[in-house]
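Trainee: Each residue of the sequence shown is one higher than the last, beginning at 5 in the numbering used here.
Since the hints were derived computationally from the structure, they do not count as laboratory data. Treat each hint with caution, since some may be false.
What the hints assert, rightly or not - Beta-carbon label-pair distances, calculated as ranges: (1) Ala412 / Arg380: 34 to 40 Å; (2) Val416 / Pro357: 48 to 54 Å; (3) Gly410 / Glu201: 42 to 48 Å; (4) Lys214 / Thr257: 33 to 39 Å; (5) Arg363 / Lys390: 40 to 46 Å; (6) Glu201 / Asn382: 40 to 46 Å.
Stated by the list, open to error - Calculated cross-link-like contacts (lysine-lysine; reagent style DSSO-like; alpha-carbon spacing at most 27 Å): (7) Lys210 / Lys307; (8) Lys341 / Lys390; (9) Lys459 / Lys418; (10) Lys307 / Lys290; (11) Lys402 / Lys458; (12) Lys459 / Lys449; (13) Lys390 / Lys309; (14) Lys218 / Lys459; (15) Lys449 / Lys402; (16) Lys418 / Lys390; (17) Lys418 / Lys272; (18) Lys341 / Lys449; (19) Lys272 / Lys214; (20) Lys272 / Lys210; (21) Lys454 / Lys402; (22) Lys418 / Lys335; (23) Lys307 / Lys232; (24) Lys458 / Lys272; (25) Lys309 / Lys449; (26) Lys210 / Lys229; (27) Lys390 / Lys314; (28) Lys307 / Lys402; (29) Lys272 / Lys232; (30) Lys309 / Lys454; (31) Lys402 / Lys312; (32) Lys390 / Lys449; (33) Lys459 / Lys272; (34) Lys218 / Lys341; (35) Lys458 / Lys314; (36) Lys218 / Lys312; (37) Lys309 / Lys341; (38) Lys390 / Lys312; (39) Lys402 / Lys214; (40) Lys272 / Lys307.
Quick caveat, the model's predicted, so the values are computed rather than measured. Beta carbons are placed, not taken as given, at the ideal position from N, Cα and C, and that holds for glycine.
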Amino acid sequence: MGHPEGNEGSSMQKLDSSAKPQNDEHVHSVPNRPPLDPVLDPSPRLVGELPSEGSPQKASPWRRGARRAERSYTEGGIQGGSHQQGNKAEVNEKSIIPINYAFNPMFGRLVETFPNIELFFRIDDVGLLPFILPQLGYAIADTEQLWNEYEKILPENINTSMNKHNKTVYIPISTGCNQFCSYCIVPYARGLERNFEVEHIVNEAKMHLKNGVKEIVLLGQIVNKHPKFVEILQAILQLDGLEWLRYTSPYPTYYSDELLALHEQEEKLCPHIHIPLQSGSDPVLKKMFRGYTAQQAYDFLDKIKGLKRKISITTDIIVGFTDETEEDFQKTLDIVKYGSFDMIYIGVYSPRPGTYADRKLLDNVSREEKHDRWDRLNTLLNQCSKQNNLAEVGNIRKVLINEFLGVARDGVYKYAGYTDNMKQITIFSDDEIALGDFVQVEITKGVVFKLMGKKI
5 MGHPEGNEGS
15 SMQKLDSSAK
25 PQNDEHVHSV
35 PNRPPLDPVL
45 DPSPRLVGEL
55 PSEGSPQKAS
65 PWRRGARRAE
75 RSYTEGGIQG
85 GSHQQGNKAE
95 VNEKSIIPIN
105 YAFNPMFGRL
115 VETFPNIELF
125 FRIDDVGLLP
135 FILPQLGYAI
145 ADTEQLWNEY
155 EKILPENINT
165 SMNKHNKTVY
175 IPISTGCNQF
185 CSYCIVPYAR
195 GLERNFEVEH
205 IVNEAKMHLK
215 NGVKEIVLLG
225 QIVNKHPKFV
235 EILQAILQLD
245 GLEWLRYTSP
255 YPTYYSDELL
265 ALHEQEEKLC
275 PHIHIPLQSG
285 SDPVLKKMFR
295 GYTAQQAYDF
305 LDKIKGLKRK
315 ISITTDIIVG
325 FTDETEEDFQ
335 KTLDIVKYGS
345 FDMIYIGVYS
355 PRPGTYADRK
365 LLDNVSREEK
375 HDRWDRLNTL
385 LNQCSKQNNL
395 AEVGNIRKVL
405 INEFLGVARD
415 GVYKYAGYTD
425 NMKQITIFSD
435 DEIALGDFVQ
445 VEITKGVVFK
455 LMGKKI
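Just need the whole structure built from these sequences, with the hints factored in.
Mentor: Rendered as structure tokens:
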């Protein structure tokens, strides 16, 4: 499936709200794409820091802005989000938007491009939000705090009551990145890697489970690089009330044998692994600064396939990176065939300003070649998805119900949800099911990117 194209000190600058925002052109997702896990979702913390103002439907612009901010981690994220809004009235409301790093060189450009935004503030200073809000009308809060009030927000202050049917919560265990892949803006936008304390993470998980959450997703730019990652997983897996535990986004070279063994042994650790390969070609991987070879990627896939427990595998691929030849792309197709991935988030390469690739490498694959490769890779993905989903027919899967789709003429109830191995599924039931419930479903049909089944 497609992925959107691409992959400071304090200032007390009054905003001029007269100019209109300008949006970059972006290539957005194609239809039928399943929900994509956020890299890092601060919105529950942002909203939890704000005073309660009634139901989400009647939330103030501050709270709506906080929720919209969850995808606004880079300059591209903010611009892409505004472009997707397509609603002038909504975009022009008062909003608060976190910028990802206090010394982000893009800050001045963001202020010029989005003069309607009431306040830009550092994501690291989210804990100071109640003190910043009275200063609305300034571009960024005047604070010298350089680290992480974000971690210090007490779990009991995080708002988990916004949707009683939502049984899933995202808990960050780290922020920032030290990897510096050549095409990636994250280390510049979010800063260097910081790991949260195990105690904070586990306490937050306990609080959410106590409030009725059933699925926990651990978040980090390279989530499995946390030095105590397996310890964190083991601690959360022992907590009462947990049904599922997942994590995103990992990095291929930080998968330990101990982590893979945990996938094999622990039923509550979902049988799904995301391995963002980006390419199957050694020359391309080297230019990307990925730190592994294609052969190492094949070896890791073999380890996953060798586990006694069947694991669903997904990946990220960038097509059209610097100097990518047809031979390079064929090697990517080869590893995709070998991996037989259930989902691929395909990015059409475009340079991000400020990255090494933007400064030092050429964007020298034509637009036509890029999109031709996107089409061919997506065609192969469709084949893999259909084949894998057909193999699910007859299996019994645990499913989380997240949407009511209606009642058929024969009185059968129809729901949407996703399986423990992260596949979208349509469920048919003779009786009603509460949203947020877990049910056992027999798979009756498999098509591209979707399963169908009957509650048992």
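Trainee: Would you mind marking each hint as holding or not holding in the structure?
Mentor: Hint by hint, here is what the structure shows:
A hinted range of 34 to 40 Å for the beta carbons of Ala412 and Arg380 is consistent with their spacing of about 38 Å. Range check, Val416 to Pro357: about 52 Å between beta-carbon atoms, so the 48 to 54 Å window is met. Here the CB-CB span from Gly410 to Glu201 is close to 46 Å, well matched to the stated 42 to 48 Å. Hint check: Lys214 to Thr257, Cβ distance near 36 Å, so the stated range 33 to 39 Å holds.
Distance hint check: the CB atoms of Arg363 and Lys390 are about 41 Å apart, consistent with the given range 40 to 46 Å. Between Glu201 and Asn382, the C-beta spacing of about 42 Å keeps the proposed range 40 to 46 Å intact. Taking the CA atoms of Lys210 and Lys307, the gap is near 32 Å; set against the 27 Å cutoff, the hint is violated. For the given pair, Lys341 sits about 13 Å from Lys390 by alpha-carbon distance, which is consistent with the 27 Å threshold.
Between Lys459 and Lys418, the direct Cα distance comes to roughly 10 Å. Compliance with the 27 Å bound is thereby established for this hinted pair. Simply put, Lys307 and Lys290 have alpha-carbon atoms about 23 Å apart, close enough for the 27 Å limit, and the pair holds. Using a Cα cut-off of 27 Å, the hinted pair Lys402 and Lys458 holds, with the two alpha carbons roughly 11 Å apart. Proximity of Lys459 to Lys449 is assessed by CA-CA distance (about 13 Å); at most 27 Å being required, the pair is judged to hold.
For the hint pairing Lys390 with Lys309, the CA-to-CA distance comes to about 19 Å; that is within 27 Å, so the pair holds. Between Lys218 and Lys459 the alpha-carbon distance is near 19 Å, which keeps this suggested pair within the 27 Å criterion. This hinted pair checks out: Lys449 and Lys402 have alpha carbons roughly 16 Å apart, not beyond 27 Å. Annotation: proposed proximity of Lys418 to Lys390 holds, straight-line Cα distance about 22 Å (limit 27 Å).
About 26 Å separates the Cα atoms of Lys418 and Lys272, which keeps this hinted pair within 27 Å; it holds. Distance restraint check for Lys341 and Lys449: the Cα-Cα separation of roughly 23 Å lies within the 27 Å cut-off, and the hinted pair is therefore satisfied. Restraint check for Lys272 and Lys214: satisfied, since their Cα atoms lie roughly 17 Å apart, inside the 27 Å limit. At roughly 16 Å between alpha-carbon atoms, Lys272 and Lys210 fall within 27 Å of each other, so this suggested pair holds.
Simply put, Lys454 and Lys402 have alpha-carbon atoms about 15 Å apart, close enough for the 27 Å limit, and the pair holds. For a cut-off of 27 Å, the pair hint linking Lys418 to Lys335 is broken: about 42 Å separates their Cα positions. Between Lys307 and Lys232, the direct Cα distance comes to roughly 22 Å. Compliance with the 27 Å bound is thereby established for this hinted pair. Between the alpha carbons of Lys458 and Lys272 the distance comes to roughly 22 Å, so the proposed pair stays at or under 27 Å and holds.
Distance hint between Lys309 and Lys449 is fulfilled; the C-alpha atoms sit about 24 Å from each other, no more than 27 Å. For a cut-off of 27 Å, the pair hint linking Lys210 to Lys229 stands: about 23 Å separates their Cα positions. For the hint linking Lys390 to Lys314, the alpha-carbon distance of about 17 Å falls within 27 Å, and the restraint holds. As the CA atoms of Lys307 and Lys402 are separated by approximately 25 Å, the hinted pair is consistent with the 27 Å bound.
For the given pair, Lys272 sits about 19 Å from Lys232 by alpha-carbon distance, which is consistent with the 27 Å threshold. Distance hint between Lys309 and Lys454 is fulfilled; the C-alpha atoms sit about 22 Å from each other, no more than 27 Å. Distance hint between Lys402 and Lys312 is fulfilled; the C-alpha atoms sit about 19 Å from each other, no more than 27 Å. Distance check on the hinted pair: Lys390 and Lys449 sit about 10 Å apart at the alpha-carbon level, within 27 Å; holds.
Among the hinted pairs, Lys459 with Lys272 is consistent with the structure: their alpha-carbon atoms are about 20 Å apart, no more than 27 Å. A threshold of 27 Å between alpha carbons decides the hint, and for Lys218 with Lys341 the separation of about 35 Å lies outside it, so the pair is violated. At most 27 Å may separate the alpha-carbon atoms for a hinted pair to count; Lys458 and Lys314 meet this at roughly 22 Å. Taken as a hint, the Lys218 and Lys312 pair is honoured in the structure, with Cα atoms around 26 Å apart against an allowance of 27 Å.
Our distance criterion of 27 Å between C-alpha atoms is met by Lys309 and Lys341, whose separation comes to about 14 Å. This hinted pair checks out: Lys390 and Lys312 have alpha carbons roughly 23 Å apart, not beyond 27 Å. Of the pairs offered as hints, the one joining Lys402 and Lys214 holds, with about 22 Å between alpha carbons and a cut-off of 27 Å not exceeded. Simply put, Lys272 and Lys307 have alpha-carbon atoms about 20 Å apart, close enough for the 27 Å limit, and the pair holds.
Checked against the numbered hints given earlier, this structure breaks hints 7, 22, 34; the rest are met.
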